[in-house]
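2 protein chains.
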Amino acid sequence: MSDERPIGVFDSGVGGLTVFREVMRRVPDEKLIYFGDTARLPYGTKSRETIIGFARQIVRFLKTKDVKAIVVACNTASAYALDVIEAEEDIPFIGVVKPGAKVAAATTKNGRIGVIATSGTISSGMYGNYIHSIDPDLKVFGKECPLFVPLVEEGWLHDSVTREVASRYLNELKGEFIDTLILGCTHYPLIRRLIAEEMGEDVKLVNPAYETSMALRELLAERGLEASPREKPPKHEFYVSDAAERFLTFAKAVLSCDISSTGVVDIERY
Amino acid sequence: MSDERPIGVFDSGVGGLTVFREVMRRVPDEKLIYFGDTARLPYGTKSRETIIGFARQIVRFLKTKDVKAIVVACNTASAYALDVIEAEEDIPFIGVVKPGAKVAAATTKNGRIGVIATSGTISSGMYGNYIHSIDPDLKVFGKECPLFVPLVEEGWLHDSVTREVASRYLNELKGEFIDTLILGCTHYPLIRRLIAEEMGEDVKLVNPAYETSMALRELLAERGLEASPREKPPKHEFYVSDAAERFLTFAKAVLSCDISSTGVVDIERY
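Keeping their order, the protein sequence lines are chains H and Y. Each residue of the first sequence is one higher than the one before, starting from 1 at the first, in my numbering. Each residue of the second sequence is one higher than the one before, starting from 1 at the first, in my numbering.
Pulled out of the complex, with its shape left as it was, chain H reads as follows:
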């Protein structure tokens, strides 16, 4: 039994490519359709209602590609919209928040977990909710880091300014004696080393992208949705809502596969 339909992966823009990369590695026979909402990014400062509206349009678009499952690669969209769209649709969804929360709860030794993310993800409280549903005694400390995304997009990955910003943002969390820190935004793994140096070696960093790709692999196996083995890697498709060249530049830096072209979708029509 196999299912050759593609899997949808969406994000507010380019950050979800760090999740896409993990998914490619974990389920190499699956054809993937990526959608980045570059016309409306960022999601992290916008309201729940707006994000749910955006997610619904993207799901409608991905369903025109006959996807068998959808990965919500954006933390803010996972936090705000996953429950709502999951209830409305008949295909399975995987968000990044639940797998990230699960591995953080399994990692902590002292029961103190930090979460760094966008304002939207932090104020949704979803990481805390999932972690507490696993173990109500765990303590969760959230900190929004709004400058990290623009700094990563500026390419200042190993930079004194980024280090100073990280030092200010993370100082509060250091005072809480956390031993585990969730990188709750898809851009943050790109400054992982700098965050690790700032937090010190006693704090374990959790990148939800890896755990999300593992959860996807399990889900496909459980439901008999796996594609059959291929000789050549599948040709993935990439779509964005704005023809920003920066998408291709960023994508080539994050992924090693060839993405020669990107389709532009008028997402507001969906």
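No wet-lab data here; the hints were simulated from the structure. Any given hint might turn out to be false.
What the hints assert, rightly or not - Straight-line alpha carbon distances no greater than 25 Å define the calculated SDA-like cross-link-like pairs of lysine to any residue that follow:
id	chain 1	residue 1	chain 2	residue 2
1	Y	K143	H	K65
2	Y	K63	H	A251
3	Y	K204	Y	S160
4	Y	K65	H	S160
5	H	K143	Y	P146
6	H	K143	Y	G155
7	Y	K65	Y	K102
8	H	K109	H	E88
9	H	K65	H	A251
10	Y	K174	H	T162
11	Y	K143	H	K143
12	Y	K174	H	K143
13	Y	K235	Y	A105
14	Y	K252	H	R48
15	Y	K143	H	R269
In this text the structure is predicted, and so the values were computed from the model without any measurement.
Starting from the known structure of chain H, fit chain Y onto it as the hints suggest.
Okay, now just chain Y, sitting in the frame of chain H:
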């Protein structure tokens, strides 16, 4: 002869409130309708086609309020979309780019003008185009400063990180020996002092907001569109495309007038 219809002012989000403030001061009898596209901000990294589409929707919304003129308070939208929407509509438009270019051309003594702005405004080349239409011998040097908007929105206005970022961005322009610098993004006047200190006292800063409000006053007088004098200040209206509380917080900091409430508009329907 007077015309009591309101004037529309729009921007990608909150930045245009610095223009709104100048307009309020210069034409105090005019009722103003502000629209901030908080669901889709920022505009500065998005393509010309996308910005024109957004601007058309906003103009359609503002026309439902029976506006007699529209101020495009966003530099990126002025640079990319003003010519297009002006040609499609029958009411007058004023953007921030042309007035800013005019005053810069009149200010420079050595013929070397700098422009700092978003990626979109810089790559549109519109400041250069307008300046060269006034005097083709003037030299224009553009520099995009993508971190300024997030730093201003983080509230780090007088801050060592913002100073370091400004120093890096502006260093290139200092090497061009400009004597005039256009603050080509509505957020930048809020870090005007820091930019002035960085550039030194021989460089004059041009804030297009002031000149835009003067141009609006002239236009209303010329076309007989002025409202009659009022005893009390008019009650302005504020609309946004996303119910972000941060709009009200920011607006209260920038404006001194009372804006107790903000309407939320589903702009994609227009």
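We went through each hint and held it up to the structure:
1. Y:K143 x H:K65: Violated - the C-alpha atoms of K65 of chain H and K143 of chain Y are around 41 Å apart, more than 25 Å.
2. Y:K63 x H:A251: Roughly 40 Å separates the two Cα atoms, so the pair is violated.
3. Y:K204 x Y:S160: Status holds; Cα separation ~23 Å.
4. Y:K65 x H:S160: Violated, at about 49 Å.
5. H:K143 x Y:P146: holds, 23 Å
6. H:K143 x Y:G155: Distance of about 16 Å is within 25 Å: holds.
7. Y:K65 x Y:K102: violated, 31 Å
8. H:K109 x H:E88: violated, 38 Å
9. H:K65 x H:A251: Cα-Cα ~21 Å, so holds.
10. Y:K174 x H:T162: The hint holds at about 24 Å.
11. Y:K143 x H:K143: violated, 32 Å
12. Y:K174 x H:K143: Measuring from Cα to Cα gives roughly 37 Å; hence the hint is violated.
13. Y:K235 x Y:A105: Cα-Cα ~36 Å, so violated.
14. Y:K252 x H:R48: holds, 23 Å
15. Y:K143 x H:R269: violated, 35 Å
In this structure, the hints that do not hold are numbers 1, 2, 4, 7, 8, 11, 12, 13, 15, in rising order.
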